[in-house]
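Engineer: Listed below, chain by chain, are the residues.
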Amino acid sequence: MSSLIINRSRSRSVLLWKTYGIKITSIISHSFTDSVSSSGFSSSDSTRSFKTTSSGFESGKISNLAFSRNSFVSTARTLSSEAVPVASTCDGLTVERIIANQWPILDENESDWKSHAAAIAQSIQVIKRRLQWKKLLVRLRMLSVELNKPHLWDDPTHAGKISREHGSLTGKMKGVMTFERELLEHIDMLKLAKEEKDSELESETMSALKEMRRVSKEKELEALLSAENDQCSCYIEVQAGAGGTESNDWAAMVMEMYKTWAQRRKFSVTVVDEMPGEMAGIKRATIKVNGEYAYGYAKAEVGVHRLVRISPFDSGKRRHTSFAAVAVIPILGDGSTRVQINDSDLRIERFRSGGAGGQHANTTDSAVRIIHIPTGITATCQNERSQHMNKASAMAVLQSRLDQLEMARQTAMNAQHTQSLTEISWGNQIRTYVLHPYRMVKDLRTNYEVSDPDSVLEGDLDGFILSFLSSSLDKGDDEH
Amino acid sequence: MIRSFRFTSLLSAAKPLRSFACSSSPAIEPPQCSSSSSISLRITHPKTPLFLRAPSHAAPLSEVWKWHGWAKDLASSVDDNSSPEDEDSLDSILLLRELKWLIEDSIEASDHHHPVIITGTETPRGDDGEKKSVKLRASLEELYDLWRQRIEKRRPFQYVVGCEHWRDLVLCVEEGVLIPRPETELVVDMVEEVVRGDEWFKRGVWADLGTGSGAIAIGVARVLGGCGRVIATDLSHVAIAVAGNNVRRYGLEGMVEVREGSWFEPLKDVEGKLVGLVSNPPYIPSDDIPGLQAEVGRHEPRLALDGGVDGTDSLLHLCDGASRMLTSGGFFAFETNGEKQSKMIVDYMTSNLKDSFSGVKIVSDFAGIGRFVTGFRL
Ligand SMILES: C[S@@+](CC[C@H](N)C(=O)[O-])C[C@H]1O[C@@H](n2cnc3c(N)ncnc32)[C@H](O)[C@@H]1O
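Those protein sequences? They're chains A and B, same order as listed.
Read left to right, the first sequence gives residues 3 to 482 (the working numbering).
Read left to right, the second sequence gives residues 3 to 380 (the working numbering).
Isolated chain A (complex conformation) (with noise of 0.2 Å):
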C-alpha cells in the first residue's frame, strides 16, 4: 500500500515536470484540499427540480448547499501581474480543446473519463463566465500595477482597499486554475495509469475525476455569489403597496416568507423596525439577517411582488390584487470604507414618545429615529430592550442605507437591487403570486414557475433566488 502511494507521488510529480516544467509540489496538495474542502453537500428537503434555460442546472437538484469561502484559497498575490498560462496536458490538451471536441456527456456513474472531463470542463467555462473571466483578469492587472505604486500606503484606506480586492480576486482566479490543471493531471495520470497498466491508478483516477465533476456542480453555484458583497450580512426591508388592510396583510406574509427562508438557511433573523397595520399585517418593516452570503441570496428578491386572492377581509369574498416592495441592504463588513457620520449631521428622536416622559412614564417602548439631516436618511428601531440599543441598531441601519447610497453613486450603475424601499417603482414587478381561480407562482424575470404557493410562502424560495442569479450573470454570454 504504501509502496502504491509514494509510486503514485512519484508519477504525480513526474506529470508535473512534464506538465510546466517545474516542480511544483505545494500546489498538488493545494489543489487537494480545493476539492475536498467544498464536500459539505447536503442534498436535503428541496428536491424540486429546476426547469431553467440557462446552462448547469439540468441535473442538479437545489440543495442546501454549504458553501466554504476558503474552497478558493489565495496564497500569493503577484501570480496575476504576468499573463495568465495556459495549462495544458502531456499531448497538448487544453480546457478549451475538451469542449471543442464534444465528446458527449454520459450519466456520472459511466465511467468514461471523456464524459467526466467534457462535463467538467464545461462547469469551468460556466464558472467562469459566471466570474465575468476576462473582466477580473483586466481588473486584477489593474490592482497589481495599483499595488505596486511607491507610495500606495500613503493612503491606508485607499491601500487597504486596492489590496483586500486583489487578495480576494487573486483568490478567485486561483482557484478556477487550480481546478483547470487538477482537471488535466487527472487526465495525463488516467493515461498514464493505462499505458502502465495500472489498473488501482486508473480507477482511483476515475473516481477523482467523477468527484471533481460533482464539485463542479458546486462550484458553479458558489461562482453566482461572487459579486463585492455578497457575502455580506444584510437588512431585508418589506413595504406595503397601497390598499391597506389588504396590503398590509400581504406584506406580513411577505416578510414571514424571507423570515423562514432565512432560518432555513441558517441565517440568524432579528427585527429591528416593524409598523404594524391598523387592522392587520404591516406597513412595513425591517428585518437583519445575519450570516455568510446573505445579501448575495436576498439581492434577487428585490423588487415589487403581487399577490392575487379571494381577500380574507373582504365579506364580499371577491378576488384582491396586493403589492408589496421589497428592498435589500447589504451590511457592510468591518474591512470595506464605509460612509464617515457626523454626529453634527444627525437628529435623533424619540419615536412616539408623547407625555411628560421621565419618572411619570413606565413604559417598553424605547424607539428611536435617527435623521441624518444632509440626506433626509431615517432610521428606526423599536424592537431592543433599551433606549440605547435601539438607537445602536438605528444607526446601524442607517449606516447602511448610507453606505449604499455612496455605493449606487460612485458605480453609478444604479443596479435594481442597490435601489431602497423609495426609489422601487410599484411597476417594477418581479413576482407573481397567484392563489386563485388557479395556484401558482411565477417569477417574471426569469419565468420560473412553481404550482405550490404554500411551499414558496413557506420559505423555499432558493429556486427562484438561483434561477434568478443564474440568468443575470449567465445572459452576459459575451464574456469568454
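Everything labelled a hint here was simulated from the structure, so no lab data went into it.
No experiment lies behind these values; they were computed from the predicted model shown.
Beta carbons: idealized from backbone N, C-alpha and C, even for Gly.
A portion of the hints provided could be inaccurate.
Listing some non-contacts, in silico: residues in chain A with all C-beta distances to chain B over 12 Å [stated by the list, open to error]: (1) 158; (2) 313; (3) 315; (4) 368; (5) 377; (6) 438; (7) 474.
Capping the alpha-carbon separation at 20 Å, the derived lysine to aspartate or glutamate pairs in DMTMM-like fashion look like this [to be verified]: (8) B:102 with A:202; (9) A:285 with B:93; (10) B:74 with A:258; (11) B:102 with A:405.
Given the structure of chain A, go ahead and fit chain B with the ligand onto it with the hints provided.
Structural biologist: Structure of chain B with the ligand alone, referenced to chain A:
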C-alpha cells in the same frame, strides 16, 4: 398604604428609624416621609430576575403554546376594553412585544425550540407539541400569574421579569426600586462626553445620589474605565441592596461603593473633592402623584418620585450641595421634570449660586424636552 408625614426637625436622615424610609430635604420644604411596613426590619435580599433563574421547570410544548395563545388574547383584548380617550390605558402592540421578551427571559433556548418558535406564527404540527417538552425558568402557573399581574394589576413589566434593559446593561429591579428610565441613559452619555474631553475626570471620585438600582453609577463607572471611583448613595434600604447586587453582577465592587443615607450626608469624607456629581432625584410635584400612570403610581416607590410641592425640593438641595461637594472644575448633571423645572434650576444656579458654577445649561432628551441641567464648578 403610603402616608405623608410632616417632619419639622432638621434631623439628618443618616440613620432613619428602621420602620421608615425617609426623605429629608432640609430647609426648603417640609420633607415627606413614606412609611412602608413591608420594608421594616427586613434584611433585604435582592430577588433573582427570571432570566437568571435555573431552568428547573418543564412543560409540554403544547401547554406552553396554550399559555402563549391565552397571553396573546389577553394582550389583544386590552384594546377593546379601553376607550381611546383614556390616556392611561395599555397598548396591545407594546404588550405583545413584552410577551415576546417574557418568553425570552423565561424559556431556555435550545436548538429544537428556540423561544422564537413559540412566539412565531408557526402552529404546532401533529403531535409534536405533546412529545416535546420545554424547559422553563418559572412554572407555567407562575407564568399565567405573572401575565395576569401585568395586565390586570398593571404591574410594570420590568418588575414582572425582575430586570430592566438599560443602555447596554441588564439591571435587576424589584418593587421598592425605581425602574430606570430611558431618558436617564443620556446622563451617562453626557458624562462620557465630558470624560472624553478631559482625562482628569477619569481619575477622580464621582457621586451618584439617589442611585436606585445603581443604573447611573454603573454606567458612569464603565465610562470611567479602570481608574475612576463612584460613590452611589440612597436612602432606601431596598435600593441599597439592589444597587449593591447590580454592582456585583458587573464586577464593579472595586469601583462603585454603595452607601446608605440621605443625599450628601454619607459623603462627608469627600467634601470638596468630587470631580463629578450626577443625580436623578425625585422631581414629580406632590399634587401630580395621584394622577400618575398606573404602573408608576401604584407600583413604584413614592420616595423615588415625590419631589415636594413643586417637585424641586431635592433638586435645590442638590444644587446647594454641589457647590460644597465639587472640586474646582468638577462637573454636575441633574435630571429634572422638564422645561419648567430645568429653567428654575438654571435660574437658581445662575443667581443664588452664581459664584459657584459656570457653563450651566439645559440639555434636551430625545423627545425634545429640556430634561437635564449640567454645568461645572468654578
Ligand atoms: C428617581 S429615583 C432615581 C433612581 C436611579 N438613579 C435611576 O435613575 O433610576 C430617585 C432615587 O432617590 C432616592 N432618594 C429619595 N430621597 C433620598 C434622600 N433623601 N437621600 C438619598 N436618596 C434619596 C430614592 O430612593 C430613589 O432611589
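Engineer: For each hint, tell me whether it holds in the structure or not.
Structural biologist: Comparing the hints with the structure gives:
no., hint, in the structure
1, 158, "holds, 24 Å"
2, 313, "holds, 19 Å"
3, 315, "holds, 17 Å"
4, 368, "violated, 4 Å"
5, 377, "holds, 20 Å"
6, 438, "holds, 22 Å"
7, 474, "holds, 32 Å"
8, B:102 with A:202, "violated, 62 Å"
9, A:285 with B:93, "holds, 18 Å"
10, B:74 with A:258, "holds, 19 Å"
11, B:102 with A:405, "violated, 32 Å"
The structure fails hints 4, 8 and 11 (numbered hints given earlier, in ascending order).
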